[in-house]
Amino acid sequence: MRVSSKGDYACRALLSLTLHAADPGPTSVRDIAERTAIPQPYLEQILLALKGAGLVRSKRGVGGGYVLARSPVDIRLSEILAAVDGPISLGDFGDPHQDGSCDHEGQCVLYAIWKLAGDHMRQLLHGFTLAEVAQVAEGCAPWPDRASILAALTEPVPSSGTGSPR
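Going by the numbering used here, 56 is the number at position 54 of the sequence shown; the sequence numbering is gapless.
Among the hints, erroneous ones may be present.
Below, simulated SDA-like cross-link-like pairs (lysine to any residue); rule was C-alpha separation at most 20 Å, straight line [what the hints assert, rightly or not]:
1) 53 to 31
2) 8 to 62
3) 8 to 27
4) 53 to 32
5) 8 to 55
6) 53 to 133
7) 53 to 72
8) 8 to 47
9) 61 to 31
10) 61 to 29
11) 61 to 72
12) 8 to 43
13) 8 to 50
14) 8 to 87
15) 8 to 66
16) 8 to 30
17) 8 to 70
18) 53 to 28
19) 53 to 23
20) 117 to 5
21) 53 to 131
22) 53 to 66
23) 8 to 35
Cβ-Cβ distance ranges computed for the label pairs, FRET-style [as the list claims (entries may be wrong)]:
24) 122 to 144: 16 to 24 Å
25) 152 to 24: 17 to 25 Å
26) 23 to 118: 33 to 41 Å
27) 24 to 4: 44 to 52 Å
28) 156 to 56: 21 to 29 Å
29) 112 to 64: 24 to 32 Å
30) 150 to 5: 12 to 20 Å
31) 142 to 109: 45 to 53 Å
32) 138 to 56: 20 to 28 Å
33) 118 to 153: 34 to 42 Å
Derived from the structure by calculation, the hints contain no laboratory data.
Positions of the beta carbon are idealized from the N, C-alpha and C atoms, including for glycine.
Sequences are here, hints too, so could you generate the full structure?
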């Protein structure tokens with residue numbers, strides 16, 4: 003799986019909202035765009051998708067903008083990426099045959115491996131919340147290392163691919 007620019011921008015936008023959660027009132031799209039170096043028209047589309055997924059709320063008019071719809075502790079990277087890019091997977095290969103009746107020279111074995119790799123990617127991203135990423139960004143927690151990544155792979159994760167919270 004490759005994290006798309008849209009997925010990266012969505013994570014950066016929500017991280018910005020997290021880092022500035024103590025600021026009074028909603029944060030304007032312009033402010034988020036300036037802080038994150040995301041083109042404003044593209045950011046507007048991304049924020050609409052995040053709003054549709056229930057990750058942000060908006061306020062219109064003067065003093066309007068966006069706020070997180072839930073606590074950063076309850077928003078996982080997998081959920082953000084799924085909101086803008088769809089289910090996290092390495093592809094849609096269908097369900098592999100596991101009874102030895104593969105149509106083409108073992109492709110089902112490969113399909114099973116691709117599915118497993120996608121499941122691990124989803125599980126890894128599910129293991130990190132916005133709050134945890136913000137703590138690292140603020141210098142209050144260490145950068146993720148191999149041990150924390152392996153620990154994230156032991157977290158239970160929804161199998162639907164939506165990345166929704168536990």
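Right, here's what the structure says about each hint:
no.: 1; hint: 53 to 31; in the structure: holds, 13 Å
no.: 2; hint: 8 to 62; in the structure: violated, 23 Å
no.: 3; hint: 8 to 27; in the structure: violated, 25 Å
no.: 4; hint: 53 to 32; in the structure: holds, 17 Å
no.: 5; hint: 8 to 55; in the structure: holds, 15 Å
no.: 6; hint: 53 to 133; in the structure: holds, 19 Å
no.: 7; hint: 53 to 72; in the structure: holds, 11 Å
no.: 8; hint: 8 to 47; in the structure: holds, 9 Å
no.: 9; hint: 61 to 31; in the structure: holds, 11 Å
no.: 10; hint: 61 to 29; in the structure: holds, 9 Å
no.: 11; hint: 61 to 72; in the structure: holds, 15 Å
no.: 12; hint: 8 to 43; in the structure: holds, 12 Å
no.: 13; hint: 8 to 50; in the structure: holds, 12 Å
no.: 14; hint: 8 to 87; in the structure: holds, 7 Å
no.: 15; hint: 8 to 66; in the structure: violated, 23 Å
no.: 16; hint: 8 to 30; in the structure: holds, 19 Å
no.: 17; hint: 8 to 70; in the structure: holds, 18 Å
no.: 18; hint: 53 to 28; in the structure: holds, 14 Å
no.: 19; hint: 53 to 23; in the structure: holds, 17 Å
no.: 20; hint: 117 to 5; in the structure: holds, 17 Å
no.: 21; hint: 53 to 131; in the structure: holds, 18 Å
no.: 22; hint: 53 to 66; in the structure: holds, 14 Å
no.: 23; hint: 8 to 35; in the structure: holds, 13 Å
no.: 24; hint: 122 to 144: 16 to 24 Å; in the structure: holds, 22 Å
no.: 25; hint: 152 to 24: 17 to 25 Å; in the structure: violated, 33 Å
no.: 26; hint: 23 to 118: 33 to 41 Å; in the structure: holds, 37 Å
no.: 27; hint: 24 to 4: 44 to 52 Å; in the structure: violated, 34 Å
no.: 28; hint: 156 to 56: 21 to 29 Å; in the structure: holds, 27 Å
no.: 29; hint: 112 to 64: 24 to 32 Å; in the structure: violated, 56 Å
no.: 30; hint: 150 to 5: 12 to 20 Å; in the structure: holds, 18 Å
no.: 31; hint: 142 to 109: 45 to 53 Å; in the structure: holds, 47 Å
no.: 32; hint: 138 to 56: 20 to 28 Å; in the structure: holds, 25 Å
no.: 33; hint: 118 to 153: 34 to 42 Å; in the structure: violated, 19 Å
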